[in-house]
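Protein chains: 2
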Amino acid sequence: MTPVTYASRAARFRPSGVRSVFDIAMRPGMISLAGGSPDLAALPRDRVAELSAGLIRDRGVDALQYQPAQGLDGTIEAIREVMRAEGVEADAERIQVTAGSQLALQAIATLLIDPGDTVLAEAPTYVGALAVFGGLEAAVAQVPIDDDGIVPAALEETIARVRASGSRIPFLYTVPTFGNPSGATLSEPRRDAVVEICRREGIVIVEDNPYGLLAFDDVPRTTLYARDPENVVYLGSFSKIFSPGLRVGWLVAPPELRARAQLVIEAAIIHASVPGQLLAERFVVETDWREHVRRSTEVYRGRRDALMAALERHMPDGTSWTRPEGGFFTVVTLPPGAPTAPLLDAAIAARVVYVPGSEFMADGSRADTMRLAYSFEPEDRLAEGVRRLGDAVRSLAQRG
Amino acid sequence: MTPVTYASRAARFRPSGVRSVFDIAMRPGMISLAGGSPDLAALPRDRVAELSAGLIRDRGVDALQYQPAQGLDGTIEAIREVMRAEGVEADAERIQVTAGSQLALQAIATLLIDPGDTVLAEAPTYVGALAVFGGLEAAVAQVPIDDDGIVPAALEETIARVRASGSRIPFLYTVPTFGNPSGATLSEPRRDAVVEICRREGIVIVEDNPYGLLAFDDVPRTTLYARDPENVVYLGSFSKIFSPGLRVGWLVAPPELRARAQLVIEAAIIHASVPGQLLAERFVVETDWREHVRRSTEVYRGRRDALMAALERHMPDGTSWTRPEGGFFTVVTLPPGAPTAPLLDAAIAARVVYVPGSEFMADGSRADTMRLAYSFEPEDRLAEGVRRLGDAVRSLAQRG
Numbered sequence: 001m002t003p004v005t006y007a008s009r010a011a012r013f014r015p016s017g018v019r020s021v022f023d024i025a026m027r028p029g030m031i032s033l034a035g036g037s038p039d040l041a042a043l044p045r046d047r048v049a050e051l052s053a054g055l056i057r058d059r060g061v062d063a064l065q066y067q068p069a070q071g072l073d074g075t076i077e078a079i080r081e082v083m084r085a086e087g088v089e090a091d092a093e094r095i096q097v098t099a100g101s102q103l104a105l106q107a108i109a110t111l112l113i114d115p116g117d118t119v120l121a122e123a124p125t126y127v128g129a130l131a132v133f134g135g136l137e138a139a140v141a142q143v144p145i146d147d148d149g150i151v152p153a154a155l156e157e158t159i160a161r162v163r164a165s166g167s168r169i170p171f172l173y174t175v176p177t178f179g180n181p182s183g184a185t186l187s188e189p190r191r192d193a194v195v196e197i198c199r200r201e202g203i204v205i206v207e208d209n210p211y212g213l214l215a216f217d218d219v220p221r222t223t224l225y226a227r228d229p230e231n232v233v234y235l236g237s238f239s240k241i242f243s244p245g246l247r248v249g250w251l252v253a254p255p256e257l258r259a260r261a262q263l264v265i266e267a268a269i270i271h272a273s274v275p276g277q278l279l280a281e282r283f284v285v286e287t288d289w290r291e292h293v294r295r296s297t298e299v300y301r302g303r304r305d306a307l308m309a310a311l312e313r314h315m316p317d318g319t320s321w322t323r324p325e326g327g328f329f330t331v332v333t334l335p336p337g338a339p340t341a342p343l344l345d346a347a348i349a350a351r352v353v354y355v356p357g358s359e360f361m362a363d364g365s366r367a368d369t370m371r372l373a374y375s376f377e378p379e380d381r382l383a384e385g386v387r388r389l390g391d392a393v394r395s396l397a398q399r400g
Numbered sequence: 001m002t003p004v005t006y007a008s009r010a011a012r013f014r015p016s017g018v019r020s021v022f023d024i025a026m027r028p029g030m031i032s033l034a035g036g037s038p039d040l041a042a043l044p045r046d047r048v049a050e051l052s053a054g055l056i057r058d059r060g061v062d063a064l065q066y067q068p069a070q071g072l073d074g075t076i077e078a079i080r081e082v083m084r085a086e087g088v089e090a091d092a093e094r095i096q097v098t099a100g101s102q103l104a105l106q107a108i109a110t111l112l113i114d115p116g117d118t119v120l121a122e123a124p125t126y127v128g129a130l131a132v133f134g135g136l137e138a139a140v141a142q143v144p145i146d147d148d149g150i151v152p153a154a155l156e157e158t159i160a161r162v163r164a165s166g167s168r169i170p171f172l173y174t175v176p177t178f179g180n181p182s183g184a185t186l187s188e189p190r191r192d193a194v195v196e197i198c199r200r201e202g203i204v205i206v207e208d209n210p211y212g213l214l215a216f217d218d219v220p221r222t223t224l225y226a227r228d229p230e231n232v233v234y235l236g237s238f239s240k241i242f243s244p245g246l247r248v249g250w251l252v253a254p255p256e257l258r259a260r261a262q263l264v265i266e267a268a269i270i271h272a273s274v275p276g277q278l279l280a281e282r283f284v285v286e287t288d289w290r291e292h293v294r295r296s297t298e299v300y301r302g303r304r305d306a307l308m309a310a311l312e313r314h315m316p317d318g319t320s321w322t323r324p325e326g327g328f329f330t331v332v333t334l335p336p337g338a339p340t341a342p343l344l345d346a347a348i349a350a351r352v353v354y355v356p357g358s359e360f361m362a363d364g365s366r367a368d369t370m371r372l373a374y375s376f377e378p379e380d381r382l383a384e385g386v387r388r389l390g391d392a393v394r395s396l397a398q399r400g
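These protein sequences, in sequence, are chains A and B. If you count the first sequence from 1, position 319 lands on 319 in the numbering used here, and the numbers rise without skipping. If you count the second sequence from 1, position 355 lands on 355 in the numbering used here, and the numbers rise without skipping.
Isolated chain A (complex conformation):
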């Protein structure tokens, strides 16, 4: 080829560790604690097949034609119902349908980030968000968290430090509920504090909430959006409550920002897949979707328990991990001095795969941590996977 001259931002798009281990996870005999795939076994396959046929039979060519870029009216209504389950009453003019919440984040980031800006995010944060911010040539300042999520004093310190450096802060990106990868959840008092700090400092909050309905307890949690709908952009998704393959998500934002996000989305994809939007709508309208979510959540809770028990049993003394009250993930931290560099290789050799914690840090730190997903594998395989992982850690320690 004629040597291609890439744009300067091109170097910022690097292969993600999550997607790389996706291929490894497909190998025969491999146990995957890596990808954040939901368990879809509980979905009524024939019923979904019938919904899928019905949407073309009933809607005809409308299901296959170009449609309005904001999203289909019925899909927006279905999203409003999901938002009600999250405790939010959202007007249709605030809702933009997207190709997964990934594109919702991409659109908002495209509108708000100039090169050289510094996005705030949790330490650690969602690897797909780091990909978006990197592609827009932003820096990322990651705010320390504990079991109760972002530490407000640390947030204030980080804001002051970034501003002292001369960099602009376009927004705080956060997964406050059942965080990815941490599994941590922002406590109610800290929700008040984080919302208040950001409002005071004039920093928009982008609240990414794909796991909010997958709670293992009955503790009520109020979205950040509900606390300050004029300063919080909410990102939602059907990926974890129904199907990630559809690639249907949404954002909720003040009307002007929503309308601008639509323009970015039109330039990227024109609009979200119509069969995907219709199938998501029918899932909400024509099935007992809350019952499906409730049953899935029961499955995830059992798996969380199985993973925790296996970690207790198989990991070396001094290993620690978060105990999530919902969602898909925990982060495991190895004891001080444990060997980390070839651990993923050793684990893969032992036929278990996970995502290294360094993937969730913009600076590649935290090599002593691992994200383990309990969403996809059944309980016995989770236990076996952690046994293999424990063996890999111990065998490396002996060699070291």
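Hints in this document: simulated from the structure, not taken from any laboratory. Values in this document were obtained by computation on a predicted structure and should not be read as measured data. Treat the hints with caution; some may be incorrect.
To be verified - Covered stretches of chain B (chain A as the covering partner; in silico rule of three or more C-beta atoms under 8 Å from a C-beta of chain A):
1) 3-16
2) 42-55
3) 63-70
4) 99-105
5) 178-186
6) 275-287
Every residue, glycine too, gets a C-beta built ideally from N, C-alpha and C.
Here the structure of chain A is known, so what remains is to put chain B in place on it, guided by the hints.
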């Protein structure tokens, strides 16, 4: 809301005239010569509904789960078959599935355009491409065309002029076959010349070819990609040969560029809709898709003829238009001195809508032109639409 500070690029995302008239086109009694929607009436609805149910019944939860970001193997094979119909044998490692060819263009442009670069394109060019280039803060230099497409000498002059200005040229974007909006097709000798000029000048060609299979004649046309697969990126789509609502398209590129485009696509949407990909695959594998395309093309040819006859009959003396040999569009140029400014309003008042030619020019020029689409309305409504349009032009001229 806290006053949002938008990024500098945000101002470059402006409402598209094509999408604005989309809403107007929905009004009762309106005849739309505006949108580039394919005619889907010929699609066998029950058969497509059955394919849609079957893909979930047969593939089960795989049809609803996360899948590899390059695209499903079966979809890539189906795309290889469509490319063979275009005369191109493409290896799988060169094919990237995208959410419509819009995202293919967005991904390539993201990798190749730095702010301040100048993209080359036809005058006039696809409005959705202008949206992509604008969002990346590029300038656009539009190269004069005639009935045989890009004028090679004008291309060379434009390259020299842009370079003399100090701006870098990342690529030439072109719809060489049944162009949007022009309807013009690059002649075979000019294909050789354009490919040769760009190779010599080290300028990548991005060949957007959604209409290539919709030819009204039997003239063989070779893609630019087939002439120089190392310097041409090919953009393809199921939107015009099957269904735009699926949002499934692709790019064909040298393997390294393909792999980098995948990273941009992962950051934007993770991957294209799985039900959409599977339905496109089944359309190719399980139906006589070439026969569907042949029959649709017959319909479009009849509509082209009806539109041309109506233009001949109803438009004022001195009006000119292109005569496309395939695709969806013609560009109509009003006689010198004809009033243009409120013409769209007058047309809408007469219940016919089109896209002003200025939408297809980065500088908003060519207010004396209109893009008319004959793809969507049946022949009698095309004739009536042009009659209304002719009346609107004449009534404005009398008032002026």
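Going through the hints against the structure:
1. Judged by the Cβ-Cβ criterion of 8 Å, the segment 3-16 of chain B is covered by chain A as claimed, because 12 of its residues qualify and three suffice.
2. Beta-carbon proximity to chain A at under 8 Å applies to 10 residues in the segment 42-55 of chain B; the threshold of 3 is reached and the given coverage holds.
3. Only residues whose C-beta sits within less than 8 Å of a C-beta in chain A count toward coverage, and the segment 63-70 of chain B has 7 of them, enough to reach three; the restraint holds.
4. A stretch counts as covered by a chain when three or more of its residues have a beta carbon under 8 Å from one of that chain; for the segment 99-105 of chain B and chain A the count is 4, and the coverage holds.
5. Interface restraint, the segment 178-186 of chain B with chain A: violated (0 residues with C-beta to C-beta distance below 8 Å; minimum three).
6. Counting residues of the segment 275-287 of chain B whose beta carbon lies closer than 8 Å to any beta carbon of chain A gives 3, which reaches the threshold of three, so the coverage claim holds.
Checked against the numbered hints above, the structure violates only hint 5.
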